[in-house]
Amino acid sequence: MKVTVLRLALLAALLAAWELAGRAANPLLAVPPSAVLPALRDLLLLRSYPRLPASLCLTVREIGVAYALAVAAGLGCGFALGMNRLLGRAWGPMIAALYAVPAVVWYPSLMLFFGLDAASKIAFGFLLGFFPITLAVLAGVRQVNPQLVLVARAYGAGVVTVFFRVMLPSMLFTLVGGLRTGLALSVIGVVVGEILGAKDGMGALINHAYGLLRTGDYVALVLVTLAIVVGSDVLASLLERRAKAWTE
Amino acid sequence: MTAAGGALIAIESVAKRYVTSSGPVDALDDISLSVAEGEFCTLIGPSGCGKSTLLGMLGGLVMPDRGRLLVAGAPVTGPDPRRVATVFQDAGLFPWRTALENVEFGLELQGVSAERRRRTASELLGPLGLRGFAERYPRELSGGMKQRVAIGRALAIDTKILLMDEPFGALDEQTRVLMGEWLLDIWRRTRKTVIFVTHSLHEALFLSTRVAVMTARPGRIKSVLELTMEYPRSMESPEMVALRAKLWSEIREESLRAMQST
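Going down the list, the sequences are from chains U and Z.
The opening position of the first sequence corresponds to residue 1 in the numbering used here, with each subsequent residue numbered one higher.
The opening position of the second sequence corresponds to residue 249 in the numbering used here, with each subsequent residue numbered one higher.
Keep in mind the hints are simulated off the structure, nothing from the lab.
For clarity, every value in this text was computed on a predicted model and none was experimentally measured.
It is possible that some hints are incorrect.
[Claimed, not checked] Listed below are several chain Z residues computed to face chain U (Cβ distance under 7 Å; list not exhaustive):
| id | residue |
| --- | --- |
| 1 | Gly-307 |
| 2 | Pro-323 |
| 3 | Pro-327 |
| 4 | Thr-334 |
| 5 | Trp-344 |
Every residue, glycine too, gets a C-beta built ideally from N, C-alpha and C.
Required output: the full structure, derived from the provided sequences and hints.
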């Protein structure tokens with residue numbers, strides 16, 4: 001309850017500050033919330049941007065594909081490196097180091113390679129989502145208590161049973177945390193990719209509105225995009241909580 | 249079904265060498281021992297003498313380099329939860345399972361129906377002194393309780409043989425004595441064949457029908473003591489005091505050697 005009140009208080013304070021700052025500044029450059037609301041209404045009800053539904057679908061689809069690829073590759077690489085001690089020792093630190101490189105430096109070459117369409121956004125979303133998932137799996141595998149594996153083997157568990165009955169529950173919390181971070185980063189990758197250079201999608205719309213100095217529309221579009229991000233994160237955190245309840 | 253001589257367990261000239269970063273280490277060298285059905289056989293010896301390795305071999309978790317191990321006449325080739333159940337020094341409970349679910353684990357792997365394994369496990373909780381703790385998770389249990397859950401997990405699959413690797417080693421002295429009394433009671437009722445690894449003279453003398461003293465590394469059987477006293481045993485009887493002194497002098501010698509070699 002107190003948490004909710006504090007959250008709302010922070011939100012209200014930010015909005016108030018934004019309103020004040022927006023009214024004081026040049027309306028071409030800054031928009032107070034009171035000007036965003038009409039723009040948002042036009043956007044959603046009057047369809048001031050006819051391409052909005054299609055763009056939204058495209059962005060969500062790109063995120064879906066990028067994230068699915070990141071999950072598949074991340075789980076695959078993570079388990080391969082986690083189960084094989086030599087590979088893990090050789091390549092694990094390299095993956096961790098690559099994760100530390102600001103990924104946006106790769107984006108220009110991704111665009112050159114994959115073109116301006118969806119492929120380069122998917123590639124960028126994948127690249128951002130892949131690392132945290134891989135590293136979470138690696139860390140998770142290392143968390144598994146070898147004593148528990150031994151117990152399971154003594155009671156007749158084979159490799160598959162050990163995996164599902166011991167390893168997965170042991171690492172579940174870390175794994176789900178990594179999957180959640182991966183989702184957030186895949187979303188960021190796709191949207192940033194669209195903003196940096198795309199013909200379609202939410203990022204392209206945002207860029208378009210911003211380029212025309214339609215600042216109200218621009219902020220309204222950002223809010224719509226934000227809704228995707230928040231929505232996906234809420235979904236992920238629900239899954240995380242369920243995993244936590246199950247592990248304990 | 250049993251091997252020659254009526255032994256349920258036969259260990260024949262078994263040797264094991266581990267390769268470590270500082271060179272090879274001979275853990276066990278030419279161990280032979282046979283254990284008859286219904287015995288409570290204790291392995292005692294200095295740290296690092298390979299007691300746990302020997303137990304691991306009987307459980308099918310460690311393979312010998314030389315020699316062989318027979319259980320009910322058949323060579324041990326891997327874990328066999330239908331014949332052998334193991335209790336480890338670390339209780340090794342699954343933290344995401346309740347006490348009851350931990351006891352059920354072995355039955356679950358054997359494909360026993362949920363209803364039957366729940367019944368078996370629930371019936372065990374009483375003698376385990378865990379009635380009322382079925383739904384508790386391991387982190388909510390004391391050290392002694394955890395170890396009893398681990399023993400319950402081993403008893404639930406109802407094997408003829410129970411291997412116990414210092415099951416009370418991590419407990420405080422008082423709990424340890426009480427757990428020993430409790431285990432004795434369980435053993436006398438179930439008549440399982442127990443191989444028990446310990447560092448404790450008290451446990452060895454209080455519980456065993458036979459005590460095998462092992463040498464410092466590489467582990468060999470130094471001597472075997474037959475204990476014929478009635479249960480429950482008084483630790484103060486003159487016979488027991490004499491046995492204790494004898495056992496201690498043998499172990500002391502090996503422990504000193506173990507200390508000097510490392």
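* Asked: Hint by hint, which ones does this structure get wrong, listed from lowest number up?
  -> As far as the earlier hints go, only 2 is violated by this structure.
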